[in-house]
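There are 2 protein chains.
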Amino acid sequence: MAMKTLSAKNAAALDKDLMSIGGFSLDQLMELAGLSVSQAVYRLKSPIGGRRILVVCGPGNNGGDGLVAARHLWHYGYKPVIYYPKPGKNELYGRLTTQLKNLKIPFTTDFAAALKEADQVVDAIFGFSFSGEVREPFSAIIEELQNTTVPVTSVDAPSSWNIEEGPPSSGPGSSFNPTALVSLTAPKPLTKWFRGRHFLGGRFLSPDIAHKYGLELPDYDGVDQIVELGSDGKKKL
Amino acid sequence: MAMKTLSAKNAAALDKDLMSIGGFSLDQLMELAGLSVSQAVYRLKSPIGGRRILVVCGPGNNGGDGLVAARHLWHYGYKPVIYYPKPGKNELYGRLTTQLKNLKIPFTTDFAAALKEADQVVDAIFGFSFSGEVREPFSAIIEELQNTTVPVTSVDAPSSWNIEEGPPSSGPGSSFNPTALVSLTAPKPLTKWFRGRHFLGGRFLSPDIAHKYGLELPDYDGVDQIVELGSDGKKKL
Numbered sequence: 189m190a191m192k193t194l195s196a197k198n199a200a201a202l203d204k205d206l207m208s209i210g211g212f213s214l215d216q217l218m219e220l221a222g223l224s225v226s227q228a229v230y231r232l233k234s235p236i237g238g239r240r241i242l243v244v245c246g247p248g249n250n251g252g253d254g255l256v257a258a259r260h261l262w263h264y265g266y267k268p269v270i271y272y273p274k275p276g277k278n279e280l281y282g283r284l285t286t287q288l289k290n291l292k293i294p295f296t297t298d299f300a301a302a303l304k305e306a307d308q309v310v311d312a313i314f315g316f317s318f319s320g321e322v323r324e325p326f327s328a329i330i331e332e333l334q335n336t337t338v339p340v341t342s343v344d345a346p347s348s349w350n351i352e353e354g355p356p357s358s359g360p361g362s363s364f365n366p367t368a369l370v371s372l373t374a375p376k377p378l379t380k381w382f383r384g385r386h387f388l389g390g391r392f393l394s395p396d397i398a399h400k401y402g403l404e405l406p407d408y409d410g411v412d413q414i415v416e417l418g419s420d421g422k423k424k425l
Numbered sequence: 189m190a191m192k193t194l195s196a197k198n199a200a201a202l203d204k205d206l207m208s209i210g211g212f213s214l215d216q217l218m219e220l221a222g223l224s225v226s227q228a229v230y231r232l233k234s235p236i237g238g239r240r241i242l243v244v245c246g247p248g249n250n251g252g253d254g255l256v257a258a259r260h261l262w263h264y265g266y267k268p269v270i271y272y273p274k275p276g277k278n279e280l281y282g283r284l285t286t287q288l289k290n291l292k293i294p295f296t297t298d299f300a301a302a303l304k305e306a307d308q309v310v311d312a313i314f315g316f317s318f319s320g321e322v323r324e325p326f327s328a329i330i331e332e333l334q335n336t337t338v339p340v341t342s343v344d345a346p347s348s349w350n351i352e353e354g355p356p357s358s359g360p361g362s363s364f365n366p367t368a369l370v371s372l373t374a375p376k377p378l379t380k381w382f383r384g385r386h387f388l389g390g391r392f393l394s395p396d397i398a399h400k401y402g403l404e405l406p407d408y409d410g411v412d413q414i415v416e417l418g419s420d421g422k423k424k425l
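Just so you know, the sequences run in chain order A and B. Count along the first sequence starting at 1, add 188, and that's the number in my numbering. Count along the second sequence starting at 1, add 188, and that's the number in my numbering.
Some hints could be false.
A pair holds if it fits inside one copy or across any two, identical chains being indistinguishable in the list.
No more than 25 Å apart at the CA atoms, straight line, and that leaves these computed lysine-lysine pairs for PhoX-like [as the list claims (entries may be wrong)]:
1. K292 <-> K400
2. K267 <-> K423
3. K422 <-> K233
4. K423 <-> K274
5. K197 <-> K304
6. K197 <-> K424
No lab work stands behind these hints, which were simulated from the structure alone.
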């Protein structure tokens, strides 16, 4: 049976619903999204397995999720390093950056050197609103991410992938298949092409909204903010 | 050795610091505070031990923390009921209320009936900014909370207690000693009089801010948003 997924168009509409009829603020949603991502990274490899995490952030909300995740990862005992070459203009991103600077988390401009030092990477470059071509500096970064042996966890989408159609047919990202993916709110159609460990995050959806978009929500365990999914989109047992 | 605590005055100053130099928004802090509370409630008794949770919310930020906790508790599988007799004016409280109503979480006006049905209570009436006299309807509510055999978890302070001087010498609250207390950011001086299970929540403090207020932060485990403290204020092993 095919996994129930959320198209790019519906993901945007659902996000809008959450912030209008849902009553959520972007601050709240980003906090919960980033928290989910941090829990998936921990599940993949705890700080004992390697503390150094390179978090690559894009200019939009996906990058914001990465900034939040980095803060939680620091509190779990990791040593994050941030690569954020095109800081977004939203004042929220500015505040999330301040929170990291107050923890003395370094921001690097040398991606290649940081990657060499990393035990894990978080790819928070592009999310469900991505389409079209990847531009510099991100095309070179994605090239490196697809060639590295360091485990990469992508936030919502492997960056450069088309939300509906998966990896690009050529160029950067065409052979990118990250170690893990954290789908936020619901898996997108691109998960059909994804072959790594798949987590779902965003434990705040109401049954009404899930129903409106034809989603089936799996059961989370305990107080977890993530649940691991199998290739059928159901909870992995 | 006495526990390092945070006076009412310093708690207010620290909160102000978090939202200015700290870069946090109230939305974010309340989300993380409420999440901590929900994890403490779960630790006390999981939904298998009883699903029905009465969340009593005051008009201020302590009440907001309760509203957030109620949402997370619903997602964990509890059946929360909210008693919120004096809804705060802040638009954030309105949105948190909307989030609960979208989950069809009932708001009751009959506290006594709801208490009779409850497996656990969350006391989110007053927090670190409380001082002076408790007025109706909360004085009657606190009277009931001090007499009930249902486990009560208080958020930041047992409501009616003076932050520095503990329980009032007479009247409602004078013999109130809740089952559990979730101190947010740091324990307050009132914890000297508290005899139940003590959790610390708010895993977002920077070492600089902790140092500024002379606080010693215990180690949290894994991805936990709470840590249980012993009577010495150190992590309970």
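Could you tell me which of the numbered hints above are not met by this structure, giving the numbers in increasing order?
-> 4, 5, 6
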